[in-house]
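Heads up, the sequence shown is in my numbering, so the first residue is 117 and it goes up one at a time.
A portion of the hints provided could be inaccurate.
Each computed DSSO-like pair below joins lysine-lysine, with the alpha-carbon atoms no more than 30 angstroms apart [claimed, not checked]:
1) K353 - K464
2) K240 - K198
3) K375 - K409
4) K389 - K375
5) K240 - K376
6) K198 - K376
7) K470 - K409
8) K470 - K375
9) K484 - K389
10) K198 - K162
11) K198 - K130
12) K240 - K464
13) K389 - K353
14) K376 - K353
15) K162 - K240
16) K375 - K484
17) K353 - K240
18) K470 - K376
19) K409 - K484
20) K353 - K162
The set of hints was computed from the structure by calculation and includes no laboratory data. Computed from a prediction, not measured in an experiment: that's the story for all the values here.
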Amino acid sequence: MSEKANVRSPYYFKISLSSTQYVDVRLYVWEGLSSDTTSAVYSLRKSPVGSNSYAVFEVADLIRDYLTTSYGDYSTKTVWFKWDYQIYNANGTTSGSLVTATPRLAVDGYRYFEDGIQTNELSKQLLQSNTIIYYNEGQDIVFPIWAEDLSTITLTSAGGADVQWNVVEEFWEAYDVSWGYALTPIVITDNGNSNQKIQYIRLALSAALDDGDTITITSGTTAGTTIITLEEICEPKYSPLNVIFYNKFGALQNVWFFKKNTTTLNVRSENYKRSIMDFSTGILYSEQDHQVKTFNANGREVLQANTGFIDEQYNEVLRQLLLSEEVWVDNGTDVLPIRPITNSLTFKTSVNDKLINYTLDFEYAFDKINNIR
């Protein structure tokens, strides 16, 4: 499989030089096939610092300029990148030949500090940390897969013959009547295009599933199997909210908030004190006029949502949700941008807390009164 860079974390490469040399680097970033190289998008030059015999380049932020994380068809999930370099002597003559690196893939993911520096990283099969998926009865189930693994996806379900599923390129791709029955395994293919490296498995008509059904992901390129357990949540009292976000692996995933949710409007405005005297017909003023006048009034709504009781492994999912820079909520009618404003979360465990429920606050990422210009 191709090497992969998580460009929300630094990505370095090092070039050996003598103290009397400098190096010119050209960085290429493109979509499509690995062979579809275009013109260089950045040209960089460095000389060794002090007595060092090398130059180090960090290119993650440069590559990230070409990754678009947005909701809808404009989202770029992966791009190819590579670099080449030429070493020069102090007098401007070349030293050796042009060196070209192997193309690599970049995603808008990241590594934790404890994961260490990223070098020669390969991707995992399932591009999310949780292997238990809670789903809302009758609503679609979606999870991300790394296509280069060429996995086979198998559903084990006693009552799921009427469920239909497919592999889709976009998280939000709608159910199509031509999709196959979910009891027929899906085989992931990869034509090499960057827009297919992250694919999504989507199950529709989930009301036919049984609680506790499993999905087995069998690797086609490495020795490994991942089992996902599906757990149905039926919540007749509340209207569940579906929160969608970019996770640590640069893929979209969702979390259902099944319990009570509330919306609060926070208003901001300015005001000034004015004269309301009217001397045109005497000395008087209207008691209906505002002596203190409000202007630039607007507001933002805050959404507070509860997960309901969840497994301890969702601690990591919520950590990634709070660290995400792109989050949306699907309330069943609209998909709207939000941003987490809960900035501190004490992680719960079954040993300490028995039942685990989280309450998170989100702010809608727009002013309530439309002021887009």
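For each hint, the structure was consulted:
1. Between K353 and K464, the direct Cα distance comes to roughly 25 angstroms. Compliance with the 30 angstroms bound is thereby established for this hinted pair.
2. A distance of roughly 22 angstroms separates the Cα atoms of K240 and K198; the hinted pair therefore holds under the 30 angstroms criterion.
3. A hinted pair counts as satisfied when its Cα atoms are at most 30 angstroms apart, and K375 with K409 does not qualify at roughly 41 angstroms.
4. Taking the CA atoms of K389 and K375, the gap is about 45 angstroms. The hint is violated against a cut of 30 angstroms.
5. The straight-line distance between the Cα atoms of K240 and K376 is roughly 35 angstroms, outside the 30 angstroms bound, and the hint therefore fails.
6. Our distance criterion of 30 angstroms between C-alpha atoms is broken by K198 and K376, whose separation comes to about 48 angstroms.
7. Between K470 and K409, the direct Cα distance comes to roughly 53 angstroms. Violation of the 30 angstroms bound is thereby established for this hinted pair.
8. Using a Cα cut-off of 30 angstroms, the hinted pair K470 and K375 holds, with the two alpha carbons roughly 18 angstroms apart.
9. The hinted pair formed by K484 and K389 meets the criterion: a straight-line CA distance of about 26 angstroms does not exceed 30 angstroms.
10. Taking the CA atoms of K198 and K162, the gap is near 18 angstroms; set against the 30 angstroms cutoff, the hint holds.
11. A threshold of 30 angstroms between alpha carbons decides the hint, and for K198 with K130 the separation of about 14 angstroms falls inside it, so the pair holds.
12. Restraint check: the Cα-Cα separation between K240 and K464 comes to about 26 angstroms, which is no more than 30 angstroms; the hinted pair holds.
13. Between K389 and K353 the CA atoms are separated by roughly 48 angstroms; this puts the pair beyond 30 angstroms, and the hint is violated.
14. This hinted pair checks out: K376 and K353 have alpha carbons roughly 9 angstroms apart, not beyond 30 angstroms.
15. Under the criterion of a C-alpha separation no larger than 30 angstroms, the hint pairing K162 with K240 is inconsistent with the structure, at around 35 angstroms.
16. With a C-alpha separation of about 25 angstroms, the suggested pair K375 and K484 falls inside the 30 angstroms cut-off, and the hint holds.
17. Among the hinted pairs, K353 with K240 is inconsistent with the structure: their alpha-carbon atoms are about 38 angstroms apart, more than 30 angstroms.
18. Distance hint between K470 and K376 is fulfilled; the C-alpha atoms sit about 20 angstroms from each other, no more than 30 angstroms.
19. For the hint linking K409 to K484, the alpha-carbon distance of about 21 angstroms falls within 30 angstroms, and the restraint holds.
20. At roughly 63 angstroms between alpha-carbon atoms, K353 and K162 are farther apart than 30 angstroms, so this suggested pair is violated.
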